[in-house]
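Novice: Each chain, letter by letter, is given below.
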Amino acid sequence: MSALSLCDLKKSFGGNAILNGVSLDVEAGEFIALVGPSGCGKSTLLRILAGLDHADSGEIFVGGRDMSAVAAADRNVAMVFQSYALYPHLTAGQNIAVPLAMKRLSRTQRLPLVGSFLPGQKEIRAGISRDVREMATVLKIDHLLDRKPGQMSGGQRQRVALARAMVRHPSIFLMDEPLSNLDANLRVHARGEIVELHRRAGVPTLYVTHDQAEALSMADRVAVMIGGNLLQLAAPEAIYNDPAHIEVARFVGQPRINILPALADAGRVDFQGIRLALLEKVANGPVSLGIRPEFVKLSPSGRSGLAGRIERLEFLGSEVIAHCRLDASGDTVIAKLAPHEARDLITGMPVGILLSPEQAMVFGPEGRRLRTASAAPARQEPAYV
Amino acid sequence: MTSLPAGRIIRFALLSLGALMILAPYIFMISTAGKTQSDIFTSSLSLIPEHFYFAENFAKALAKVPMATLLWNGVIVCGLIFFFQVLVAIPCAYAMAKLKFRAARLMMVLVMLGLLVPIHATALPLYVAFDRMSLLNSYTSLVAPFTISVFAIFMFLQFFRAMPDDLIHAARLDGMSELGIVARVIVPNAWPAVTAFAIFSVVAHWNDLYWPLIVVSKQAYATPPLGLMYFRAAEAGDDYGALMAATMIITLPLVVAFLFAQKRFVEGITMTGLKG
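These protein sequence lines are chains U and D, in that order. No gaps in the numbering here: position 97 of the first sequence is 97 in my numbering, and each next residue is one more. No gaps in the numbering here: position 110 of the second sequence is 1110 in my numbering, and each next residue is one more.
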């Protein structure tokens, strides 16, 4: 039984479909990153899961229990918001204590003044403050417990928000871009910490982000959502190396994958010397050929490969990105090169562009990936033509 | 002192003139409260009294007017009105600002319409109703018509709309009911709006003469302005010195309260984007 499963969730706002039937299973202890461009419906999905919004149709099961009619407060789902959403009038310690107080104290025990005279209330409060302190120590914020959110930095607020979500041991942990308000250095650091915390607590986590680096580096499995459709759910390596859809290939990978127009003809795809045999039956006609920039090489002599010209060179330290244009078709091809490979290149010079056919992927006219048989025999080094 | 640029001097002079014009009646009131009867009715107009007669005038005012009763009535009526207005308006404004329900638009239209109807339009039916219920001359008749303030709803609505939705979502996930959210999240963060509204409400009802005049005819329930009117009609006649002294006493609480809370009031008004 999976910890969380979504079945065919649909949602639309005023005729605009936001979710087109999304299904997803999260196993116990799993960390899933939900990634997609802004406006793809990932935050809506998270809100529906938390019970803050309602789906038009579809079902949600947490630990096998149907959640459709369960209120947000009773789902035992914790969420970390992008803006952290800390209560501004409470100190960090009081913020972390809120979910525990709501859960452990009865309605009358929570009343100011009256509550403090009720039996048992003191012991529960002591237990709450002990748990808060423990959680704060884990997140290294125990020295901040008396400060209000306004007196803390972004990183500190983010930790308090994490502590507030984790302190009640939820059955599901939802995070809505929790790192996007941090600066770049802190973000990389916080990534590692969240993964570490997740490993220790073992609570299944759904992590929404638009940053593919976060998704690929943190998650056990990555779900790519585009335009309200869940296009692929797989391990990070598979998402990158073996995308199921042209949109997934386009979205994941920096710089972007090269997509070139090609023709399918009698079960074969031809693109300027690259020949790939298709394993599936496809009507003859236009298809797309995708090839990652790291599998493109440039030959400065221009004697081998497709004739092209360098339009722009970007030096990024450990690598150089070369934007080239093919003379024959006018398509842009991006190559990712090691600095020593780019030593002789200058902007505007004619080059030969070499593509590795084993690494090429073919996508059908509607974007679906088409399986191909590798044209060249497998070798250690990819061959370039 | 460094010489001020001409522009600043002109601006300063204009502002001072404006302030003086607005404060003039109040200054004149203070001056009159210190004058003897003969001083007041001399043909020459002077701000500084010839003989300082403050003590006598204040003594007369305090002796002839049940000042403690008037002030106490004022505090009770304003306090109750303000309490109920906030009690009704905060949950109402929260629902309209943050909850989605079908009649939200209709309610908004009703609130806007409510802003357009003055108390004078509904005074007669209200009077008849209170009379039938034998509630004239009571705190109920003074307070009840004002407990639902559309202005308060409108003002809190604007303030709550600016509160982040995520804060309310977080509260829901933490296990709070909607009423719990109002009590534990909205109210503690709405103090600027509440203080700003407090000025409008308390000033309006402390100084209100119209409604108390309609429903109250006994000294025991008179609010400060109504009490003054009785004093003028019955006792003072043309004793303006004592009358002005009494007026000073009833305006004093508001002036003192404003001076004490000046900073917070200004904060509150600027935060709600309403200019008083």
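The hints are simulated quantities; they were obtained by calculation from the structure and are not laboratory data. All figures in this text were calculated on a predicted structure; none of them were measured in a lab. Keep in mind that a hint or two might mislead.
What the hints assert, rightly or not - Calculated Cβ distances over 12 Å to all of chain U for the following chain D residues:
no., residue
1, Thr1069
2, Met1176
3, Ser1217
4, Val1255
Claimed, not checked - Here are some chain U residues pointing at chain D (derived, C-beta under 7 Å):
no., residue
5, Ala73
6, Gln94
7, Arg125
8, Leu216
We treat Cβ as the ideally placed atom computed from N, Cα and C, and that holds for glycine.
Novice: A separate judgement is required for each hint: does it hold in the structure or not?
Specialist: Each hint, compared with the structure:
The non-interface label for Thr1069 (chain D) is consistent with chain U: the shortest C-beta to C-beta separation is roughly 32 Å, beyond 12 Å. Look at Met1176 (chain D): its CB is around 6 Å from the nearest CB on chain U, not clear of 12 Å, so calling it non-interface is violated. Consistency note on Ser1217 (chain D): stated as away from chain U, and its beta-carbon is indeed over 12 Å from all of that chain's, at 41 Å minimum. With a least CB separation of 31 Å from chain U, Val1255 (chain D) remains clear of the 12 Å interface cut-off, as annotated.
At a threshold of 7 Å, the smallest CB-CB gap from Ala73 (chain U) to chain D is about 4 Å, leaving the interface hint in force. Among the interface hints, the one on Gln94 (chain U) is violated; its C-beta lies about 11 Å from the nearest C-beta in chain D, farther than the 7 Å criterion. Of the supplied interface hints, the one on Arg125 (chain U) is violated, with its beta-carbon coming no nearer than about 16 Å to a beta-carbon of chain D, more than 7 Å. At a threshold of 7 Å, the smallest CB-CB gap from Leu216 (chain U) to chain D is about 26 Å, leaving the interface hint violated.
Against the hints set out earlier in the document, violations occur for numbers 2, 6, 7 and 8.
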